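Here's the letter readout for the chains.
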Amino acid sequence: MAIVERNVTCPVDTTLETLLATPEGQQIMSCLQCGTCAGPCPYGEHMDYPPRQVINMLRRGLLDEVIASGSLLRCVACYACMAKCPRGIRLTDVLLPLVKEQTLANLPEMPGELQKSLENMLRYGNPMGESGRKRAAWTATAGVPVPLIAQAGRPVDVLWFVECYASFYPRGQAVSRAAAKLFHALGVDFAILGNDEKCAGECGRLTWESGLFESLAEYNVKVLAKYRFHRIVTGDSHALNAFHRRYPLAEHGWQAEHTVQLLARRLDELKPRLTKRLEAVVAYHDNCCLGRGLDCYDEPRALLTAIPGVKLVEMTHNRMNSLCCGGGGGGMWLDTYYKSKDMERLSERRVKEAVAAGASVLAVACPYELSRFEDAVKTLGHDKQMVVRDVVELLAESLEG
Amino acid sequence: MRQSMSEPVRIGFYICHCGTNIAGVVDVDRVAKYVATLPNVVVSRNYKYMCSDPGQELIQQDIRENQLNRIVVAACSPLLHERTFRNATAKAGINPFCFQMVNIREHDAWVHTDKEEATTKAIALARAAIRRVPHHKPLEVKQVAVQPGVLVVGGGIAGIHAALTLADGGQKVYLVERDLTIGGHMARFDKTFPTLDCAACILTPKMSQVRAHPNITLWSYSEVVKVDGYVGNYRVTVKRKPRYIVEDLCTGCQECVEACVYRQPKFPDEFNVGLGLRKPVFLPFPQAVPAIVSIDPGTCRVFTHPNGCKQPCVTACGDRKAIDFSQKEELVEVTVGAVIVSTGFQIFDAKRVPYYGYGVYPNVYNALEVERLVNASGPTNGELVMRNGKRPKTVGIIHCVGSRDENTNRWCSRVCCLYSLKLAHLIKERTEAEVWNFYIDMRTPGKLMEEFYNRISGEGVHLVRGKVGDVYPDPADPEGQRLVLQAEDTLLGRVLKFPVDMVVLSIGLEPAADAQQVRRTLNMSCGSEGFFLERHPKLAPVSTCNDGIYLAGCCQGPKDIPDTVAQAGAAAAEAYALVTRGYVEQEPNTAYVVEEDCSGCKSCVPLCPYNAISFVEDKKKAAINEALCKGCGTCVASCPSGSIVQNLFEDQEIFSEIEGVLANE
Amino acid sequence: MSEKAWEPRIVGFFCNWCTYTAADLAGVSRMKYAPNVRVIRLMCSGRVDPQFVLDAFARGADGVLIGGCHPGDCHYAEGNYKMLRRYHLLRRMLGDMGIEPERLRLEWISAAEGDKVKSVINDMVAKIKALGPLGLPVRFQTWDGELAADGHAGREEVRHG
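Protein chains in written order, with the numbering used here: chain G, 20 to 420; chain V, 2 to 666; chain L, 20 to 180.
Check each hint, because a few of them may be wrong.
[Unchecked claim] Which bits of chain V does chain G cover? Going by a derived footprint, with three or more residues having C-beta under 8 Å, they are: (1) 399 to 408; (2) 470 to 483; (3) 492 to 505.
[Claimed, not checked] With a straight-line Cα cutoff of 35 Å, these simulated DSBU-like cross-link-like pairs (lysine-lysine) come out: (4) V:498 / G:358; (5) V:49 / V:116; (6) V:49 / L:137; (7) V:352 / G:330; (8) V:391 / G:371; (9) V:560 / L:135; (10) V:116 / L:137; (11) G:371 / V:498; (12) V:352 / L:135; (13) V:143 / V:49; (14) V:560 / L:137; (15) V:34 / L:148; (16) L:135 / V:116; (17) L:135 / V:49; (18) G:241 / G:200; (19) V:143 / V:240; (20) G:397 / V:498; (21) V:352 / V:429; (22) V:394 / V:429; (23) L:137 / V:539; (24) V:352 / G:371; (25) L:135 / V:227; (26) L:146 / V:116; (27) V:394 / G:371; (28) G:330 / V:498; (29) G:360 / V:498; (30) V:116 / L:148; (31) G:403 / V:498; (32) V:352 / V:560; (33) G:330 / V:267; (34) V:352 / G:290; (35) V:539 / L:51; (36) L:137 / V:34; (37) V:49 / L:51; (38) G:330 / V:391; (39) V:560 / L:51; (40) L:51 / V:116.
Keep in mind that the hints were calculated from the coordinates and are not lab data.
Since the model is a prediction, treat every value here as computed from it, not as a measurement.
The beta carbon of each residue, even a glycine, is placed where N, CA and C say it ideally should be.
Working from the sequences, and respecting the hints, build out all of it.
Below is the structure:
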């Protein structure tokens with residue numbers, strides 16, 4: 020189940036023709052056709068061709084029908100199928116994005132929101148279409164110094180890759196401020212790229228706008244390579260996923276981890292500083308990239324239970340069986356499309372589980388989820404009883420003075 | 002034996018085609034022609050099947066007609082046919098140890114594809130043997146007496162059947178069982194497929210026979226802790242754990258159980274896999290063998306309570322005086338000629354597949370628990386009621402839980418499809434519930450099994466081809482009891498949701514938790530999945546690589562009851578053949594000290610794991626006791642003065658092989 | 020010598036119970052691996068005399084592979100540990116003699132690990148290829164020639180036993 024241990028070795032420019040020539044592609048020949056992939060698929064019941072059938076159609080040379088059906092637009096790259104596949108087939112990494120790319124390429128018209136976001140990423144380096152020069156603007160209100168690595172003039176321990184949502188989106192900025200506060204409290208030697216940073220491109224990759232991804236990744240690698248640091252830390256699980264699976268980390272001797280992983284490693288130092296009681300029943304939502312993608316389940320829970328007054332509860336679907344918020348694989352910009360197809364919003368399904376678990380706080384560790392779950396909480400009318408908070412925000416709140 | 006060392010060496014060389022197995026890859030003709038040019042080679046031939054009668058006859062005829070005194074056969078692995086060719090050599094009147102085998106099948110033809118490379122390798126290996134055999138000396142096979150008596154480890158159906166078979170043949174059998182009673186997993190089953198006869202009805206008579214048999218000593222609640230010796234002479238140490246009951250004095254009347262200070266059973270009952278309750282003093286189940294009670298120190302007040310207990314059990318036992326709270330662990334030793342290992346399996350822990358909710362949702366059961374729930378002597382007296390006290394109206398049975406899966410166990414456990422069908426039948430019979438079986442492939446091979454599948458599907462059990470991917474409480478059920486099974490019906494190509502009251506997980510079979518420890522104790526091997534490894538998957542399926550140790554039942558791999566019993570019979574027959582023959586032949590590969598070269602440094606003495614080397618004080622020389630030497634050669638390699646020689650593996654023989662494999666054509 | 024590309028020659032010393040049986044299993048399973056290893060069967064890896072290893076190198080081996088049972092699994096209790104002790108000493112000696120210690124390799128391969136036989140052999144062949152030929156016999160000849168030219172007696176033939 021530790022998917023991360025198996026690095027993707029297929030060439031980045033994989034095509035259907037070359038798929039079977041790679042070890043990952045070859046695996047489809049050993050597919051049992053058991054359907055375990057379709058069962059946990061969040062939109063499996065809305066697909067004409069669930070993953071199992073895609074594999075069999077591919078084996079029988081009938082993939083054109085799958086592409087024409089548009090089934091794979093409903094894939095939210097949540098790793099649920101891949102985590103459970105008894106044959107270890109790299110569905111989410113290799114196979115499904117590949118089919119999705121061709122599906123998108125063959126659409127008469129790409130869904131508008133998605134089209135716009137991808138264009139923005141290309142032009143502005145972020146999906147919102149904000150000016151790249153405002154990327155570090157949030158640091159002015161951080162309350163603590165947030166150094167730029169270009170100005171540090173020396174190697175730093177932690178290169179904090181802030182990412183788009185945490186830079187531009189107000190709720191994301193709040194999380195960034197909380198993270199900066201915690202880094203300072205722990206004396207972490209860190210710096211950010213500031214305006215030189217561009218979107219890591221994970222969603223480009225998983226909606227299989229591969230050319231877009233490559234240009235973003237190339238750019239970021241070039242910028243990162245200018246500086247010396249021990250590790251890349253990011254609060255964005257999707258960026259982390261891209262780093263681990265698609266960036267040439269080993270080549271440059273870089274390590275990458277999530278903010279919660281860094282904080283959990285230093286929990287012994289942090290814990291005595293968490294003095295403010297937060298009376299809250301917290302349900303932690305395992306996001307797909309950090310949980311199933313990187314096998315990180317215990318660290319966020321350890322952090323949450325270290326906060327005085329926090330009672331941790333589990334939702335029905337947790338850990339490797341967690342439910343996707345629906346934002347992955349470009350799903351972030353496909354809500355209108357899904358609604359037009361009469362599909363339930365996955366974030367709403369998740370929020371219902373959190374409410375059923377009796378949570379007053381739905382804790383997350385991925386910037387997509389703040390907006391998705393906050394919307395869902397409002398839509399479902401639970402905004403009086405439940406709030407959505409990043410784990411980092413809760414920690415910062417509990418931090419002494 | 003007519004040859005002597007002074008005679009000129011005359012070698013016969015034979016290369017086997019093994020049909021196309023070897024000849025398809027190795028140019029056998031070229032090898033034979035090349036070998037013919039080597040010194041001392043008188044005859045060099047190739048032949049289709051050297052191990053066949055005509056092949057062996059060819060060797061014998063050549064020995065007679067050409068006065069050969071050394072034979073080299075290049076064919077399969079010596080572990081397979083060395084004995085065959087030694088016998089053939091001996092039949093023609095030369096010493097069987099003047100023979101050498103070259104492995105060009107397993108080590109060459111089967112693992113290489115390039116004919117040129119494979120042929121070059123075959124030539125090198127053949128040349129090594131040709132250079133080696135001139136140094137071979139005639140050796141004598143030693144016979145070692147085999148002690149009577151067989152140890153059977155594990156008292157499930159395999160151990161029971163093996164023990165009874167041997168005991169009926171007049172052999173003394175020591176049956177060691179780790180649990181309080183024999184019977185193993187089978188004793189917990191309700192009905193058995195495909196005949197649906199009751200497991201207890203067919204098993205308990207055999208259990209009683211074990212108890213009554215004069216040739217069987219049953220040590221229950223005991224474990225084998227040490228095995229020394231070798232084939233024919235295994236010295237076994239058995240640990241007898243205290244059950245705080247004097248076995249010979251207990252009559253099994255259970256008056257102590259009645260009298261216990263705990264009026265009601267209070268503690269999870271192991272026999273009913275925790276679904277029922279027992280007292281601290283208890284009989285595991287009514288037909289237990291031995292039919293005596295035991296006291297569990299983990300729950301009995303005498304052990305757990307600082308003030309102790311007034312011990313009404315002792316009073317109830319009265320003059321029988323069968324209760325002994327001071328009982329201690331005991332070690333007993335016994336010598337046997339052979340050992341049968343029948344230590345069974347353990348069931349897969351369904352918690353390892355977290356998304357099926359075992360241990361989270363009370364209405365999710367594993368199959369063994371359901372066996373107990375439908376069993377008339379089980380915790381619910383055969384009423385199929387769930388933990389919430391209700392009868393299920395719909396039941397989902399998920400096949401292959403933990404099996405055929407890279408994340409857990411890769412193998413198919415063979416019995417699960419069939420027992421799942423059986424449980425579907427029993428559940429339907431007891432509750433009239435709708436039963437849904439979710440399977441990947443329906444595997445029902447074997448006599449009467451397909452008929453059984455046919456019968457059950459005809460009874461109206463639903464069969465869905467697709468593995469369940471998610472189990473969660475039905476949001477539509479206000480009580481939160483019902484569960485939804487989300488699965489793709491792969492024959493429809495649609496993901497469907499199946500609301501059910503009860504989920505049964507058909508868990509697979511896996512090696513027992515202590516299989517590695519047992520393997521070490523008995524010096525066996527395990528396959529990659531952890532089951533004990535048979536010597537040959539087809540031709541020696543109950544033997545191990547350790548002579549005199551045999552396998553029976555699921556410790557060797559998952560199998561059903563008919564196959565287990567058949568295998569137990571086979572293991573018993575092998576063990577019986579060994580102990581009744583009364584001797585074994587020992588490979589004469591022992592070591593000896595060339596006294597005049599020994600410097601008396603004693604460095605070899607502590608190296609020998611068998612204490613076969615002693616230091617003779619008056620001569621100041623080392624001496625090896627041939628009877629104790631097992632022929633590993635460690636002392637030979639370590640002797641600074643080179644004064645120790647190992648028969649069959651003399652230094653000169655190995656050096657010649659090295660020279661041979663490296664020489665140029 | 021043949022005009023074909025150089026191929027390493029590796030001598031294998033495999034114990035009867037684990038590694039030799041594993042190599043048989045690799046055969047029965049029809050695994051395919053490099054043909055460069057010539058296996059000599061011994062009852063136990065503990066029988067591997069350091070002289071066997073040195074002799075193999077002296078006679079032209081480019082590598083020596085010793086295969087024994089896993090620690091704790093030796094058919095003869097602990098012959099494999101005895102080999103392990105010699106192995107460490109031998110590797111140091113080889114280094115002192117100007118032979119890359121990586122040319123000697125010790126692997127624990129159980130009777131069930133046919134696939135490990137394959138991977139170890141393929142890996143070792145690749146590594147020895149990277150090191151290039153050892154070629155001791157040729158070097159001996161050169162030295163003998165040099166000595167003879169200097170008027171010394173030739174080197175004694177490698178002696179056995």
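Original post:
Is it true that the CA of residue 135 of chain L sits at most 35 Å from the CA of residue 49 of chain V?
Top reply: 32 Å, holds
Subject >> Pair hint outcome, residue 34 of chain V versus residue 148 of chain L [Cα-Cα no greater than 35 Å] >> reply: 31 Å, holds
Subject >> Restraint check for residue 49 of chain V with residue 51 of chain L, where alpha carbons must lie at most 35 Å apart >> reply: 24 Å, holds
Original post:
How about the segment 492 to 505 of chain V: do at least three of its residues have a C-beta closer than 8 Å to a C-beta of chain G?
Top reply: Result for this restraint: holds, n = 5.
Original post:
Between residue 397 of chain G and residue 498 of chain V, is the straight-line Cα distance small enough, at 35 Å or below?
Top reply: With a Cα-Cα distance of about 28 Å, the restraint between residue 397 of chain G and residue 498 of chain V holds, given a limit of 35 Å.
Original post:
Taking 35 Å as the top limit, are the C-alpha atoms of residue 116 of chain V and residue 137 of chain L close enough?
Top reply: Between residue 116 of chain V and residue 137 of chain L the Cα gap is close to 19 Å, so the pair holds against 35 Å.
Original post:
Taken at face value, is the distance from the CA of residue 116 of chain V to the CA of residue 51 of chain L at most 35 Å?
Top reply: Cα-Cα ~13 Å, so holds.
Subject >> Distance restraint between residue 146 of chain L and residue 116 of chain V, which requires alpha-carbon spacing of 35 Å or less >> reply: This hinted pair holds, its Cα atoms lying about 24 Å apart.
Subject >> Restraint status (C-alpha distance of residue 394 of chain V to residue 429 of chain V at most 35 Å) >> reply: 9 Å, holds
Original post:
For the pair supplied as a hint, residue 352 of chain V and residue 429 of chain V, is the alpha-carbon distance within the 35 Å limit?
Top reply: 26 Å, holds
Original post:
Are residue 135 of chain L and residue 116 of chain V close enough, with their CA atoms no more than 35 Å apart?
Top reply: 24 Å, holds
**OP:** Confirm or reject the coverage of the segment 399 to 408 of chain V by chain G under the rule of 3 or more residues with a beta carbon closer than 8 Å to the chain's beta carbons.
**Re:** Coverage by chain G holds here, the residue count being 5 at a Cβ distance below 8 Å.
Checked against the numbered hints given earlier, the structure satisfies every one of them.
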